[in-house]
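Undergrad: Here is how the chains run, residue by residue.
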Amino acid sequence: MDTTAVPGLVAVVLVSLVTLAIGTWGLRFSRTTSDFFVASRTVRPRLNASAIGGEYLSAASFLGIAGLLLVGGAEMLWYPVGWTAGYLVLLVLVAAPLRRSGAYTLPDFAEARLGSRTVRAACSLFVVGVGWLYLLPQFEGAGITLHAAIGAPEWVGPVVVGGVVLANVTSGGMRSITFVQAFQYWLKLTALLIPAAVLLAVWWGDGRPGSGLGDGEWSVPVAGHAGDGGLGLYTTYSLIIALFLGTMGLPHVVVRFYTNPDGRAARRTTVVVLGFLGLFYLLPPVYAGLGRVYGGQLVSSGRSDVLVLELPRVMLEGAGGDVLTGLVTAGAFAAFLSTSSGLAIAVAGVLTQDVTTRLVGERDGVTAFRVAAVVAVVIPLVVALLVRNVGVAQSVGLAFAVAASTFCPLLVLGIWWRGLTDVGALAGLGAGGLGAGGAAVVTLGGYSPGGWAGALLGQPAAWSVPLAVVVMVTVSLATAGRAPAHARRFLVRLHTPESLAS
Amino acid sequence: MVERVRVTGPPRHTAASRTATRLGDVTEQTALGDLYLRSLLAEQLRLALRVIGLLVVTLGLVPLLFHLAPSLAERQLFGVPVVWLALGVLVYPFLLFLGWRYVRRAERNERVFADLVGGHADHDGDGD
Numbered sequence: 002m003d004t005t006a007v008p009g010l011v012a013v014v015l016v017s018l019v020t021l022a023i024g025t026w027g028l029r030f031s032r033t034t035s036d037f038f039v040a041s042r043t044v045r046p047r048l049n050a051s052a053i054g055g056e057y058l059s060a061a062s063f064l065g066i067a068g069l070l071l072v073g074g075a076e077m078l079w080y081p082v083g084w085t086a087g088y089l090v091l092l093v094l095v096a097a098p099l100r101r102s103g104a105y106t107l108p109d110f111a112e113a114r115l116g117s118r119t120v121r122a123a124c125s126l127f128v129v130g131v132g133w134l135y136l137l138p139q140f141e142g143a144g145i146t147l148h149a150a151i152g153a154p155e156w157v158g159p160v161v162v163g164g165v166v167l168a169n170v171t172s173g174g175m176r177s178i179t180f181v182q183a184f185q186y187w188l189k190l191t192a193l194l195i196p197a198a199v200l201l202a203v204w205w206g207d208g209r210p211g212s213g214l215g216d217g218e219w220s221v222p223v224a225g226h227a228g229d230g231g232l233g234l235y236t237t238y239s240l241i242i243a244l245f246l247g248t249m250g251l252p253h254v255v256v257r258f259y260t261n262p263d264g265r266a267a268r269r270t271t272v273v274v275l276g277f278l279g280l281f282y283l284l285p286p287v288y289a290g291l292g293r294v295y296g297g298q299l300v301s302s303g304r305s306d307v308l309v310l311e312l313p314r315v316m317l318e319g320a321g322g323d324v325l326t327g328l329v330t331a332g333a334f335a336a337f338l339s340t341s342s343g344l345a346i347a348v349a350g351v352l353t354q355d356v357t358t359r360l361v362g363e364r365d366g367v368t369a370f371r372v373a374a375v376v377a378v379v380i381p382l383v384v385a386l387l388v389r390n391v392g393v394a395q396s397v398g399l400a401f402a403v404a405a406s407t408f409c410p411l412l413v414l415g416i417w418w419r420g421l422t423d424v425g426a427l428a429g430l431g432a433g434g435l436g437a438g439g440a441a442v443v444t445l446g447g448y449s450p451g452g453w454a455g456a457l458l459g460q461p462a463a464w465s466v467p468l469a470v471v472v473m474v475t476v477s478l479a480t481a482g483r484a485p486a487h488a489r490r491f492l493v494r495l496h497t498p499e500s501l502a503s
Numbered sequence: 027m028v029e030r031v032r033v034t035g036p037p038r039h040t041a042a043s044r045t046a047t048r049l050g051d052v053t054e055q056t057a058l059g060d061l062y063l064r065s066l067l068a069e070q071l072r073l074a075l076r077v078i079g080l081l082v083v084t085l086g087l088v089p090l091l092f093h094l095a096p097s098l099a100e101r102q103l104f105g106v107p108v109v110w111l112a113l114g115v116l117v118y119p120f121l122l123f124l125g126w127r128y129v130r131r132a133e134r135n136e137r138v139f140a141d142l143v144g145g146h147a148d149h150d151g152d153g154d
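Here the protein sequences come in this chain order: A and C. Position one of the first sequence corresponds to residue 2 (our numbering), numbered consecutively onward. Position one of the second sequence corresponds to residue 27 (our numbering), numbered consecutively onward.
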């Protein structure tokens, strides 16, 4: 191993150790089953918002966006904008009612609202599916990062991330993970902010060489080009729909809401999250802009996805570059750990309720949770080791499309419309899930026909979300007699302010 | 998992009996309760749709605008193309502001509703 690997290695080891240490420290507060699942529902808005930010800002945010912006230009700005705006949509449509529903997971919500075990089972399937679809790129990204940073073989990253996540999740559950993820938000922000400031100073010192920002092509926020018959426009709008509506359906996002004390706190937490996400997303465009000036050879050699990791050394020689490289590597590694932990908790929560509790028995909730966590991590880990090159940004985007086409209509209609029936929900989940999920499987399988067919498969949200909504509403109206008798009582609970509830 | 249970039992002979009665109106299927709930639901939904509508006519129109008038991409402000300023920087304070304003209004709606069905002392007798 040559000396250029030292900063990255130090960073990875340090982040892993600190993560495990905070997780262990959090153990002191983690005694009951309730601590394991929901941190006993007592996490305050500021801490909870840090944890949500830490969990939500995945590798795609930390590494992916800067590279996408460098190559794709302004049309890629929709990724960070959509990931933030998704939280606003979640805030206005589902945040407080979801917390008040008392549901811990999406299947819990579906069962409580519709009184149907079948809908619950369907939701559980989708949660595990979306969760694993989202875990895959995290593991794969970890492999790429460790390969780039310290020259490790590509299987090392997934195994290290999987190991640390499993150790933390199984030992401390949600309570200790909350501390870990709050720490990781601030680590990620610092790890992107300080190098950005230093590199901007270097650029200023170099006499502010032309950024090429004025280059027309690079500043068009729509995909495609004039005369493609609106194909680019479709792709951009479809991506916007998937990101704006998909956030509320991500399993690890929903679980977090139950750790709020009440619906009011859930709303306030979400606003703080909006601030934290916006703060973070100011930074990737800085790297992309500097990459335009200094990173020409990264683009030409097709390595734009490691822009954030490589830029410090490209611009700054010697110890300065090494320290900054260590910092961004630490941030990237924190991104893999926190998002994977959140997903592992969410998937493990669903598996515990629907599978392992039956195997272990009701009394030992903690053991059931630990067994579920091992299953939740090991299966996508093995898949990530077997299947290479899934394409980080693409599978994350498709996970959003599937979530937007299934859970988004279920949550919004379930919260605002009394007439939703179990049959309608099942039909809508099926239509949206088969549509978007089928497109995801076909695309990840490597089939891309090009033209309109390719766009419709690669960005399914613009047709699969309306399809799911229309099917859900139509079938519900046709089976209006099956609307659960407790629906209005349930809606009252969702929308009644806490001051009246006790 | 322990489900959160809310007490909505029959009116008790305490000072809070009015609360129990009116809240009971909402929970049970009475004409008055139906009206209360419908008004809160409609108010909150209208508020949510207003925020989303605002998103649609601001952010939602950007791609269409640039598709129809590609020359917008060359517009600059302080040497930075306008689109990078708008979608890279200004959009985040904008989203934060929308969220903050939404929370204030949603909580106000809930206070009005609580006053209505909770029948605070000073509002006593207003409704019936």
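Be aware that one or more of the hints could be misleading.
[Unchecked claim] A short, non-exhaustive set of chain C residues, derived as facing chain A with CB atoms under 8 Å: (1) L61; (2) L63; (3) V83; (4) V88; (5) H93; (6) A95; (7) P96; (8) F104; (9) W110; (10) G114; (11) Y118; (12) G125; (13) Y128; (14) L142; (15) V143.
Derived by calculation from the structure, the hints in this document are not laboratory data. Cβ atoms here follow ideal geometry from the backbone N, Cα and C, with glycine treated the same way.
Undergrad: For each hint, tell me whether it holds in the structure or not.
TA: Hints versus structure:
{"no.": "1", "hint": "L61", "verdict": "violated, 13 Å"}
{"no.": "2", "hint": "L63", "verdict": "holds, 6 Å"}
{"no.": "3", "hint": "V83", "verdict": "violated, 14 Å"}
{"no.": "4", "hint": "V88", "verdict": "holds, 6 Å"}
{"no.": "5", "hint": "H93", "verdict": "holds, 5 Å"}
{"no.": "6", "hint": "A95", "verdict": "violated, 11 Å"}
{"no.": "7", "hint": "P96", "verdict": "holds, 6 Å"}
{"no.": "8", "hint": "F104", "verdict": "violated, 11 Å"}
{"no.": "9", "hint": "W110", "verdict": "holds, 6 Å"}
{"no.": "10", "hint": "G114", "verdict": "holds, 4 Å"}
{"no.": "11", "hint": "Y118", "verdict": "holds, 3 Å"}
{"no.": "12", "hint": "G125", "verdict": "holds, 5 Å"}
{"no.": "13", "hint": "Y128", "verdict": "holds, 5 Å"}
{"no.": "14", "hint": "L142", "verdict": "violated, 10 Å"}
{"no.": "15", "hint": "V143", "verdict": "holds, 7 Å"}
Comparing the model with each earlier hint shows violations of hints 1, 3, 6, 8 and 14; every other hint is respected.
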